[in-house]
Amino acid sequence: MKPRSYDVAIIGAGIVGAACAEACASEGLRVGIVEADIIGGGATAAGMGHLVVMDDSEAQFSLTRYSQVLWQRLAAELPSDAEYESCGTIWVAADAGEMDAVRRKREYLQTRGVPAEVLDAKSLREAEPNLREGLAGGLLVPGDAVIYAPCAARFLIERAQSHGAQVHLPCVVTEIAADGLRLNDGSLIVARWIVNAAGTWSPELTAGIEVKKRKGHLVITDRYPGFVKHQLVELGYLKSAHSMTAESVAFNVQPRRTGQLLIGSSRQFEVGSKGIDANIMSRMLARAEEFLPGMGKLSTIRSWTGFRAATPDKLPLIGPLPARENLFLATGHEGLGITTSLATARLVADQLLQRASEIPAEPYLPARIPERVHV
Amino acid sequence: MSKTVSVAVNGTRVTVTEGTTALAAILMSGRPFVRRSVKGEPRGALCGMGVCFECRVTINGKRHSRSCMILCGQEMDIRTDE
Amino acid sequence: MSNGDRSFDLIVVGAGPAGIAAACSAAESGIHAAIVDNSAGPGGQIWRGESRTQNNREAASWYRRLTTSGVDILNATEVFDRRETGKISAESANNLCQLSYKKLIICTGARERFLPFPGWTLPNVIGAGGLQALVKSGLAVSGKKIVIAGSGPLLLAVAAYLTEHGADVRVIGEQAPWSRLARFSFSVVFQGRKVLQSFQLRRQLSGISYRAGCWVVEAEGNGRIESVTLRSGAKIWKEPCDYLACGFHLVPNTELAALLGCELRAGFVRVNDFQESSIAGIYCAGEPAGIGGLELSLVEGHIAGYAAAGQREKAQKYFGERRRLRRFADALQRTFALRNELSTLPGSDTIVCRCEDVSFGRLREYSSWRAAKLQTRCGMGPCQGRICGPAVEFLFGWKTESVRPPIFPVAAEMLAGGTGAERN
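In order, the protein sequences belong to chains X, H and D. Residue numbers for the first sequence follow my numbering, so the first one is 257 and each next one is one higher. Residue numbers for the second sequence follow my numbering, so the first one is 60 and each next one is one higher. Residue numbers for the third sequence follow my numbering, so the first one is 1174 and each next one is one higher.
Treat the hints as calculated values from the structure; they're not laboratory data. Possibly wrong hints are sitting among the right ones.
[To be verified] Computed cross-link-like contacts, BS3-like style, restricted to lysine-lysine with a CA-CA straight-line distance of at most 25 Å:
1) X:K495 to X:K468
2) X:K553 to D:K1260
3) D:K1318 to D:K1411
4) X:K495 to X:K530
5) X:K530 to X:K570
6) X:K468 to X:K570
7) D:K1411 to D:K1317
8) D:K1260 to D:K1275
9) D:K1260 to D:K1318
10) D:K1572 to X:K530
11) H:K121 to X:K485
12) X:K468 to X:K530
13) X:K485 to H:K98
14) X:K553 to H:K121
15) D:K1275 to D:K1411
16) X:K485 to X:K378
17) X:K495 to X:K570
18) X:K530 to D:K1260
With the rest of the complex left out, here is chain X (with noise of 0.2 Å):
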């Protein structure tokens, strides 16, 4: 029977609790981890994997730069399977008004140290010569990367494992309590801190959180080598991202080491079904093939949903929740949990051992969001 005292508790093993448990257990503190299902299984699974930096906000830039940089630095270690390959990313402009955006994004990366090229017409298409003709050009940011979540989840686990943490699974946690967290079986595993990455599961247990539930599809192909280089995102995909309304599609496709590729992507809240929609795929599907017209021959082999953890200000929940001490948050990352996991780690560590972080962390506070629910 495993001891079941720690110093810090983490609630989900997706990327993000994974990657706290890593940070936390390699800075010597005792960490149990607990999981409903298995390793990476829920917003982990179905995600892209894109490791990209983000430059809609101060926020977002600092949170995902700081990432990014870490991932970088944690390549070399990861196994085979975590599939890191630094593609980079070719943000791509459709007319003049959006190289305007171009240039200006270059301009905001190179000034915050991020290499970041700005690509013309021709150049494009000699980096991607499947993009349809008369594109204006587009943005190459070569440190941006992409990863197979589920095994870098079950790689950092692993880490945190091998620093003596413990991993409870499966496991379903019904309440966290004062001095720990209560399972489904009635026992308690204690803990001085608990860290709630349970992702879209987060507001069940930490009730007047608010993160939503923003359902994504995405379609795989069969092999394919070469057909994409890069991972290739419309500019227009922000709009998607911070669009309020009921549901959007943006360009954003992947390769994959195998040769597939990863078609995105869609954005729709108050879904509460799993299934496949078959209008928003098609729109999907369509607006890849607007960018890459031999697409739509490739041969796909399976479509599938997932949820992304969203906030009402599209950045994360990171830190103490105002009216708890010892209740810390890590979710709400929508699209960029696989990216920013690892700096939110680092955030979260910083503040169990209350040390000064790298980045500046009074943005993903908890309390910069007045609480609906005392909790």
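Position chains H and D against the provided structure of chain X, taking the given hints into account.
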């Protein structure tokens, strides 16, 4: 006498009777395997009915075609893995 | 509307015996019906190619009945999705067809169960039904040495067929023990027609060694199979061969039914007395409702076809025969149940998932299908677990899970519902 059809398997002409599948034509051309697995192992057909996907080849330029499900057509171009 | 769109009162998916019987029954009752199949012609697996070669009298007679019934026969048309209620999406010759229906009968048949053992991925290790299908599709096996192994009455039928086509069948290895086979033969005495079949088979197979309690331990060869190591009791020996035809009975093709939301029970589509599934208007006949062989498929096809056409009294006339054939089918399942020794055959390096090259040793580290799938990609390839799923269910007891479109791989534009022009 039943009708014959002429196809090309990896550039080599193979003549088969009408109703022969692309897979049978590949095997008749003398190639011992149809496909290489993701780790490079030689593979042949397994199920013969379109569910195992071991018989995938490129037919008339279309990749990942199940050769056991496709009847030879005149001048069909069939390409297997090396 | 794309040019492939068609509307029917009834669509039968699958043109094997069950589908043919269902379509004929419905059409002869005046229903505007279509039968859809991804093969070049009707017949399914057991009557493959018979519409062309006319070798089998029973098949030829059914084929005649089908072509004179008024049923629209859509060959080489593969159903891959259902985008809205009452409409299935199919692909035919790189064209998209949206087929509307008021009622649907699922007759998608079964596929062979493959169990991994060292060397099973060598070229020329093929399913038993698979090798027969290959020969029907043009492969010549005259003079070739063939070992047939695995389980089920299919092994005998395949042995007879291959022998007829000039093959040198060296041995038939049935994993079920003699004791169970003997009990089964006794019960066969009560099934009139089957006695005749088994006598015919015995004549055709005289001279071929049929060994019970026998299974393949390993297939050996360089780049293709050259020999098989077999085990029977204490005896272990090597049999040189050109082909190993190896299959372990059948697994139902329930993917379409699952996609449509039909309830499955113990892996089969749950149906009522009229072969209707848990979803009103969707019927299922033949192997997906329970493995039972040719005659049961025909009977269930009749029942489903008449029931879908509103002819319940005609359907009820077949209930007695179905009961009898079900009993026989159950006896068959019990007789050929898989023995535990088969789960000890794969070595650490033996491939289990052929699409993604995932070995037994890697899978053993996990305690659930979902965890194994996510971590190793087992089941994520084009076959979507059709081959490795039954294997891991036998080896680990894992139940494989949800079906998502496309049921069969299709071009992205098909999955999207047509080319841009068609959608606008």
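Structure-based check of each hint:
no., hint, in the structure
1, X:K495 to X:K468, "holds, 18 Å"
2, X:K553 to D:K1260, "holds, 23 Å"
3, D:K1318 to D:K1411, "holds, 13 Å"
4, X:K495 to X:K530, "holds, 24 Å"
5, X:K530 to X:K570, "holds, 23 Å"
6, X:K468 to X:K570, "holds, 11 Å"
7, D:K1411 to D:K1317, "holds, 17 Å"
8, D:K1260 to D:K1275, "holds, 9 Å"
9, D:K1260 to D:K1318, "violated, 48 Å"
10, D:K1572 to X:K530, "holds, 19 Å"
11, H:K121 to X:K485, "holds, 21 Å"
12, X:K468 to X:K530, "holds, 15 Å"
13, X:K485 to H:K98, "holds, 21 Å"
14, X:K553 to H:K121, "holds, 9 Å"
15, D:K1275 to D:K1411, "violated, 56 Å"
16, X:K485 to X:K378, "holds, 16 Å"
17, X:K495 to X:K570, "holds, 12 Å"
18, X:K530 to D:K1260, "holds, 21 Å"
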